[in-house]
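Asker: Residues per chain, in single letters:
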Amino acid sequence: MEGFPLQVHPIDNGQQSGSLTQESKPLLEKEIIERCQSGDEEAFRAIFDRYQRKIFRLCYHFTGNGSDAEELTQEIFLKTYLSIGQFDFRSSFYTWLFRIAVNEYLQHRRKKRPRRVPLDERTFSLSPSESLPLDSLLIHEKQEQVRQALKKLPGRYRLVLLFKEIEGLSYGEMARIFGVSEGTIASRLNRARERFRKAYEKEVSES
Amino acid sequence: MKLACFWLRRELSPYLDGEIPPLVAEKIGNHLERCPECEKELEALQGPGRLLRQMETPPAPPHLWETVLKRHRGGVLSKDREADRRLLPRFRPRWALTLLIVAAFVVLTVLLVPELTFLRHSSLIINQAQAIDLGLYLDELNKGSSLRTFDQKHQAARVSADEARQQCHFRVVIPQSLPGGYRLVQTKLLKSICCFATQNDYRANGTVIYIFELPPQHPIDFGRRELIRKMVNGLQYNGVKAENFQVMNWEGSDVNLTLLGNLPEEELVRILKYLTTQGEQGQLHSYSQQKGGA
Chain A
1 MEGFPLQVHP IDNGQQSGSL TQESKPLLEK EIIERCQSGD EEAFRAIFDR YQRKIFRLCY
61 HFTGNGSDAE ELTQEIFLKT YLSIGQFDFR SSFYTWLFRI AVNEYLQHRR KKRPRRVPLD
121 ERTFSLSPSE SLPLDSLLIH EKQEQVRQAL KKLPGRYRLV LLFKEIEGLS YGEMARIFGV
181 SEGTIASRLN RARERFRKAY EKEVSES
Chain B
1 MKLACFWLRR ELSPYLDGEI PPLVAEKIGN HLERCPECEK ELEALQGPGR LLRQMETPPA
61 PPHLWETVLK RHRGGVLSKD READRRLLPR FRPRWALTLL IVAAFVVLTV LLVPELTFLR
121 HSSLIINQAQ AIDLGLYLDE LNKGSSLRTF DQKHQAARVS ADEARQQCHF RVVIPQSLPG
181 GYRLVQTKLL KSICCFATQN DYRANGTVIY IFELPPQHPI DFGRRELIRK MVNGLQYNGV
241 KAENFQVMNW EGSDVNLTLL GNLPEEELVR ILKYLTTQGE QGQLHSYSQQ KGGA
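Note that the protein sequences, when read in sequence, are chains A and B.
Mapping to the numbering used here: the first sequence position 83 is 83, numbers consecutive.
Mapping to the numbering used here: the second sequence position 165 is 165, numbers consecutive.
Source of the hints: derived by calculation from the structure; they are not laboratory data.
These numbers were taken from a predicted model, which means no experiment stands behind them.
One or more of the hints may lead you astray.
List time: in silico DSS-like cross-link candidates among lysine-lysine, alpha-carbon distance up to 27 angstroms [unchecked claim]:
| hint | chain 1 | residue 1 | chain 2 | residue 2 |
| --- | --- | --- | --- | --- |
| 1 | B | 70 | A | 54 |
| 2 | A | 30 | B | 40 |
| 3 | A | 142 | A | 198 |
| 4 | A | 152 | B | 40 |
| 5 | A | 198 | B | 70 |
| 6 | A | 202 | A | 152 |
| 7 | A | 79 | A | 30 |
| 8 | A | 111 | B | 70 |
| 9 | A | 79 | B | 70 |
| 10 | A | 151 | B | 70 |
| 11 | B | 27 | A | 142 |
| 12 | A | 54 | A | 142 |
| 13 | A | 151 | A | 198 |
| 14 | A | 142 | A | 79 |
| 15 | A | 111 | A | 152 |
| 16 | A | 202 | B | 40 |
| 17 | A | 54 | A | 152 |
Chain B is nowhere near these chain A residues, computed Cβ spacing over 10 angstroms in every case [to be verified]:
| hint | residue |
| --- | --- |
| 18 | 30 |
| 19 | 86 |
| 20 | 92 |
| 21 | 106 |
| 22 | 152 |
| 23 | 190 |
For glycine and all other residues, C-beta sits at the position ideal for the given N, C-alpha and C.
Turn these sequences into a full structure, and let the hints steer you where they fit.
Answerer: The following block contains the structure:
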C-alpha cells in the first residue's frame, strides 16, 4: 500500500470537496469511482484502501472470527469491483457498499457450514501459563462474552446493532441499506439492544 | 410502571440515537430528569453500544488486496459460487419448449375458463359469502380495526359456502380500463368512502356497480351517506372527476342491500327493481349483459 499515488477523501456522494491530492490536484471520491467504472485498477485500490478496515471490522463482528471475516471481506470487494459500474451516485457510496456487505454476509451465512475453529481463534487459546497480565485476561474474557452475546442475536438484529454502534449509521442510512422503513429500523434496534443486553448478562452469569 | 413511562420507554432507543424531533427529545429529557427508573432504563440501553465499541478487532490481513486482485484477474468470484455454477443445470432447448407449453396452457386456461374471469379484470361474479365478507370488512374499516381482527371476530357470522351457493349470484361490472385487480380496486374504493379518504387512486372513468347483500345483523352504517355522496362527487381521482356517485341503502324485509356506483340514480333504482320486484335470480346478470358490461 505504501507509495500508492491515489488517496480518496471520504466524501458522501461526491458532494463535498476533497483535500488529498494526486499531483496536487483535489481528488473526489466521485472521480475515483468514475475511474473505477472505466476499469482503472489503481482507482479501485484507492477505494479498497479507504474502506477495507471498516469492512473487515464489520465482517469480523458479523462472523465472529478472523478467517471468515477475511473471506467475507474478499467477497464483498470482489462483488463491489464487479458491480461498481452499476453504481449510479444516487445514494452515497458507503451506503451502497454496506448494502453489498449485508447481501454477501447473508449469502455467506446461508452457505456456512459448522466449521472447526482454528486453534489460535479459540477462547482458550490463551492459557493461564502464558505470561499475560490478569487485566488482559479479564479484558479478553469480557470481549469473548460480548462476542458470544452478539453471536446469539438473530442476523437482522446483529446487523442493525453493529451498523449503529460500530459504524454510527443513521436510521435513514440503515433503512436504505436494508430496504425497510426507518420505523422498522427503530424497532429492530430497540429489540436488538434488549436482546443483546439479556444475552450478555446470561454470558456473564454463566462464566 | 406509569403509563407515561411505558410510552416513553418505547422512544428511548431513538432518543439515545438522536433520531427524534427536538421538541420530543426535550420532553423526554425533562421526564428523565425526574424519573430515576426511566433514567436507569436509558443507562441500560447505552450498555450494548459501550460494550461493542470496546471490542477489539484484529487488523485486516496485509495480503487482502493482492488476494482480491488475483481473484478478480482470475475471474474467481467465490469458491462457493463456482461450485454452485457447476451444480446449475445447463440450458437445454427441450426445457424451454416445456416452459413455453406450460405458459401457453396457463394463458389459455385463464382466457377460456369462466371461473377464472377474475384474472381478466373485466367482469366478476361474486357470491353472497364474498359479498358478506366484503361488507363485514367495510364495517370493520369504519371502526378502524385491522383485517386480521375482523377475520377472527366475524368467522362465526359468515354463511357457509354451500349456503352461499344456493343464493343468487350478482354480476359486478367493471370496465376494462380499470387498473389492477378487482379486489384492489374495490377495497380501495370502499376504504376511500368509509374513511372519507378522497385522495385514493380509484379511477372512476366508467360504469361501475358494486353490490353487497348483507344480512340484517350486519348493516353497514351509511347514516352519513348524503355527506359521503357530496364529498365524493366532483372530486378528482387520478385526474378523473367522479360524477353521479351514489351510495344507497335499500332495507327490505330480510336483506339490507347496498349499491355503490358511478351511475345515475335512476339506473341504480332500475337495478334495485330488477333485483327486488321481479324476484328472479340472475336478473342483474341479464341486466348487465343488456348494458354490454359482461
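Asker: Verify that the Cβ of residue 152/A lies farther than 10 angstroms from every Cβ atom of chain B, and report whether the claim holds or is violated.
Answerer: holds, 13 angstroms
Asker: Keeping to a limit of 27 angstroms between CA atoms, is the pair of residue 54/A and residue 142/A held or broken?
Answerer: holds, 23 angstroms
Asker: Would you say residue 86/A is clear of chain B, with no C-beta pair closer than or equal to 10 angstroms?
Answerer: holds, 15 angstroms
Asker: For the pair supplied as a hint, residue 151/A and residue 198/A, is the alpha-carbon distance within the 27 angstroms limit?
Answerer: Holds: residue 151/A and residue 198/A sit about 13 angstroms apart, inside 27 angstroms.
Asker: Is residue 151/A within 27 angstroms of residue 70/B, Cα to Cα?
Answerer: Answer violated: residue 151/A to residue 70/B is near 32 angstroms, above 27 angstroms.
Asker: For a C-alpha distance cap of 27 angstroms, please report whether residue 152/A and residue 40/B respect it.
Answerer: Judged against 27 angstroms, a Cα distance of about 25 angstroms means the pair holds.
Asker: Does residue 190/A clear chain B by more than 10 angstroms, comparing its Cβ with all Cβ atoms of that chain?
Answerer: violated, 4 angstroms
Asker: Evaluate the condition: distance from the CB of residue 106/A to the nearest CB of chain B exceeds 10 angstroms.
Answerer: holds, 13 angstroms
Asker: Given the proposed pairing of residue 79/A with residue 70/B, does the C-alpha separation stay at or below 27 angstroms?
Answerer: holds, 14 angstroms
Asker: Non-interface claim for residue 92/A: all C-beta distances to chain B beyond 10 angstroms?
Answerer: The claim holds: residue 92/A sits with its nearest Cβ about 18 angstroms from chain B, beyond 10 angstroms.
Asker: Holds or violated: residue 54/A with residue 152/A, Cα cutoff 27 angstroms?
Answerer: holds, 23 angstroms
Asker: Would you check the hint for residue 198/A and residue 70/B, treating anything up to 27 angstroms between C-alpha atoms as holding?
Answerer: Violated - the C-alpha atoms of residue 70/B and residue 198/A are around 44 angstroms apart, more than 27 angstroms.
The structure fails hints 2, 5, 10, 11, 14, 23 (numbered hints given earlier, in ascending order).
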